Amino acid sequence: MSLLDVQGLAVDLPVGGGRLHAVRGIDFSVEKGETLCLVGESGCGKSLTSLAMMGLLPSRARRRAKRLSFDGIDLTTLREREMSKLRGDRISMIFQEPMTSLNPAYTIGNQLAEVFLRHRSASPAEARARAVHLLETVGITAAESRLGQFPHQLSGGLRQRVMIAMALMCEPDLIIADEPTTALDVTIQAQILLLMRRLQQEIGMAMILVTHDLGVVSRVAHKVAVMYAGEVVEYGPVEDIFRRPAHPYTRGLLDCIPVPGRTEPGARLGAIPGIVPSLIGSVNGCAFRDRCPMADTRCGDAAPMHNIGRGHDYRCWHAPEAMLEREAS
Amino acid sequence: MTAPVLELREVSKVFQVRQGLFRSRKPLRAVDAVSLSLAKGEVLGLVGESGCGKSTLAQLLLGLERPTSGEVLIDGQPMTGADQRALARRIQPIFQDPYSSLNPRKSISAIVGLPLEVHGIGSPADRARQVAQMLSLVGLPSRVADSYPSQLSGGQRQRVAIARALIMRPEVVVCDEPTSALDVSVQSQILNLLMDLRDELGLTYLLISHDLAVVEHIATRVAVMYLGRIVEMTAAREIFRTPRHPYSEALLQSVLTPDPGLGVPDTHLGAVFPNPIDPPSGCAFHPRCAKALGRCAQQRPPRSEAAGAEVECWLSGEIARAETAA
Numbered sequence: 001m002s003l004l005d006v007q008g009l010a011v012d013l014p015v016g017g018g019r020l021h022a023v024r025g026i027d028f029s030v031e032k033g034e035t036l037c038l039v040g041e042s043g044c045g046k047s048l049t050s051l052a053m054m055g056l057l058p059s060r061a062r063r064r065a066k067r068l069s070f071d072g073i074d075l076t077t078l079r080e081r082e083m084s085k086l087r088g089d090r091i092s093m094i095f096q097e098p099m100t101s102l103n104p105a106y107t108i109g110n111q112l113a114e115v116f117l118r119h120r121s122a123s124p125a126e127a128r129a130r131a132v133h134l135l136e137t138v139g140i141t142a143a144e145s146r147l148g149q150f151p152h153q154l155s156g157g158l159r160q161r162v163m164i165a166m167a168l169m170c171e172p173d174l175i176i177a178d179e180p181t182t183a184l185d186v187t188i189q190a191q192i193l194l195l196m197r198r199l200q201q202e203i204g205m206a207m208i209l210v211t212h213d214l215g216v217v218s219r220v221a222h223k224v225a226v227m228y229a230g231e232v233v234e235y236g237p238v239e240d241i242f243r244r245p246a247h248p249y250t251r252g253l254l255d256c257i258p259v260p261g262r263t264e265p266g267a268r269l270g271a272i273p274g275i276v277p278s279l280i281g282s283v284n285g286c287a288f289r290d291r292c293p294m295a296d297t298r299c300g301d302a303a304p305m306h307n308i309g310r311g312h313d314y315r316c317w318h319a320p321e322a323m324l325e326r327e328a329s
Numbered sequence: 330m331t332a333p334v335l336e337l338r339e340v341s342k343v344f345q346v347r348q349g350l351f352r353s354r355k356p357l358r359a360v361d362a363v364s365l366s367l368a369k370g371e372v373l374g375l376v377g378e379s380g381c382g383k384s385t386l387a388q389l390l391l392g393l394e395r396p397t398s399g400e401v402l403i404d405g406q407p408m409t410g411a412d413q414r415a416l417a418r419r420i421q422p423i424f425q426d427p428y429s430s431l432n433p434r435k436s437i438s439a440i441v442g443l444p445l446e447v448h449g450i451g452s453p454a455d456r457a458r459q460v461a462q463m464l465s466l467v468g469l470p471s472r473v474a475d476s477y478p479s480q481l482s483g484g485q486r487q488r489v490a491i492a493r494a495l496i497m498r499p500e501v502v503v504c505d506e507p508t509s510a511l512d513v514s515v516q517s518q519i520l521n522l523l524m525d526l527r528d529e530l531g532l533t534y535l536l537i538s539h540d541l542a543v544v545e546h547i548a549t550r551v552a553v554m555y556l557g558r559i560v561e562m563t564a565a566r567e568i569f570r571t572p573r574h575p576y577s578e579a580l581l582q583s584v585l586t587p588d589p590g591l592g593v594p595d596t597h598l599g600a601v602f603p604n605p606i607d608p609p610s611g612c613a614f615h616p617r618c619a620k621a622l623g624r625c626a627q628q629r630p631p632r633s634e635a636a637g638a639e640v641e642c643w644l645s646g647e648i649a650r651a652e653t654a655a
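Chains as they are written, first to last, in our numbering: chain A, 1 to 329; chain B, 330 to 655.
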């Protein structure tokens, strides 16, 4: 049994007179100790997907799912009280902007200890000791003295480390990280990712990493779900997604990024013309067809998910062979 | 080599910073005796971590900040006395965030046409024609002229920002993280556009970016900045093949190319970016440098030039070799 099993997850939000179908029936699963990356561009529904799993959607949003189970617990029927016991304890979350997700009015020590005191029957001294231990684990020097500091006294990289330490206070089984390194310098990004991987191996936690950065995905993911317009359009092991991308959107994205040493400097980069369709009201057919070089009449109907071996799925009417031939010609 | 369009000679910018309400002000050397020149038609990439002084350097070039010491020259003429308006005709910026750099209450045609109006160029009909031309040049449909920024996507807004920068037909465009706020598929379109415009209009770019893959792709030369100093400056191809400064090497290592199986590199940099108010002695990079020697902590390394590369490092091959020979 998977640690997290998601089937048919949908999220919609009221807008104007209609409803915005931000997440439109997605399936994925995460095993113990595994990293799944949700990758896609702004508005593809990746952040709402992670909030939906945490039960942290805005109150006007509506969540539906055929199955949403965490370690055998059915999250769809769980009451808020039970959910809040899981949050921060067995499932925790790291947000993109540590400045807005830490409370500016409380010290680092206070905020770290709070998580532990809430979920464990521990004394303040024990919580403090655990906080110091975790700050050291995430590579913060002079951890003891940091406890009395406020978030604004720390740099962006340090704040993000504090967020990670806080997420780890109760040794969660699953950590959901939404663009944890996007606001950071590349040098700090590499260190934070390295740290998260090491900690993951040590305590065997599973991780869902939400990001738009394909470089990050390729280096840390075991499994990848490529999202477009609220759907998972391609899903599979990281090797398959990068070496044998099957969906035209995935292939398009990979063509857009310059790769030092491989892309000819100054050469034209690939582009995906057009814009993401509106997801308000009913959405018909393949949402990518207006931007797709391969689109034909079939694409007016919702595309089926095909399996092309080893847990590699993609949602498209066209066979991957047809795309390869097209590329060769 | 052709004469530089824009040149910095030993330019420094020092800010007086207060670290607490009752503490005295201390100097922060945001830009520390930087010399560089931009030749016509080149793309100089400026890279470094946040806080290294990249943006201050851009502001000095744009005339938005005055250097504390040193000179900024345009076509060999010192800029300090130059009229701000004359300057704006020749150097224009494109900023990172197309959401906050466009006035939300002005129409696109008003935003793009404003520089012409400010400088009193042409009749209203003339301006309207130039705006229409510029919009089509940056790949925007003519119907957006009457739209407002909130009605456009991020990529379209960045195209508007580019149109506004180019309407004065500047020679130099300072691009400060022009694609960082954009999605991958939009980033590639903007980069393609910037390169096309350079060819068509003979522009010179200073490209500030933390994304080394982007810099590698479009820059002809790269300057690596650390704590106010340019520690390495060399041809783009060269720096990616053989970085000479240990800091350049670490920066390049941190670039995550899409290669599953390679894992996350360990740059051995340490997390602590030094406090610019109290910079380390000697070479400012020595506390984070894996290859630091004893003297790196005591003496600032001189600039050495070899094979078109300028490096400030004691370990730079040329210095070491010169000394063994001596």
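Do not take every clue at face value.
If the Cβ cut is set under 8 Å, some of the chain A residues that face chain B in the computed set are [to be verified]:
#1 L3
#2 A190
#3 V216
#4 F242
#5 T263
#6 P265
#7 L269
#8 G270
#9 M294
#10 T297
No lab work stands behind these hints, which were simulated from the structure alone. Keep in mind that this is a model prediction, so the values were computed, not measured. In this text, a Cβ means the ideal position worked out from N, Cα and C, and glycines have one as well.
Hints, verified against the model:
At about 22 Å, the closest approach between the beta carbon of L3/A and any beta carbon in chain B exceeds 8 Å, and the interface hint on this residue is violated. A hinted interface residue such as A190/A counts as satisfied when its beta carbon comes closer than 8 Å to some beta carbon of chain B; here the least separation is about 4 Å, so the hint holds. Contact between V216/A and chain B, as hinted, is supported at the beta carbon level, the nearest pair being about 6 Å apart and thus within 8 Å. A hinted interface residue such as F242/A counts as satisfied when its beta carbon comes closer than 8 Å to some beta carbon of chain B; here the least separation is about 5 Å, so the hint holds.
The closest approach between the C-beta of T263/A and any C-beta of chain B is roughly 6 Å, which is under the 8 Å cut-off, so the hint is satisfied. Look at P265/A: its Cβ gets to within about 6 Å of chain B, closer than 8 Å, so that hint holds up. Because the smallest distance between the Cβ of L269/A and any Cβ of chain B comes to about 4 Å, under 8 Å, the interface hint for this residue holds. At a threshold of 8 Å, the smallest CB-CB gap from G270/A to chain B is about 6 Å, leaving the interface hint in force.
Checking M294/A against chain B: minimum C-beta separation of about 16 Å lies over 8 Å; hint violated. The interface hint given for T297/A is broken, as the beta carbon of that residue sits about 25 Å from the closest beta carbon of chain B, more than 8 Å.
Violated hints for the displayed structure, listed by number in ascending order: 1, 9 and 10.
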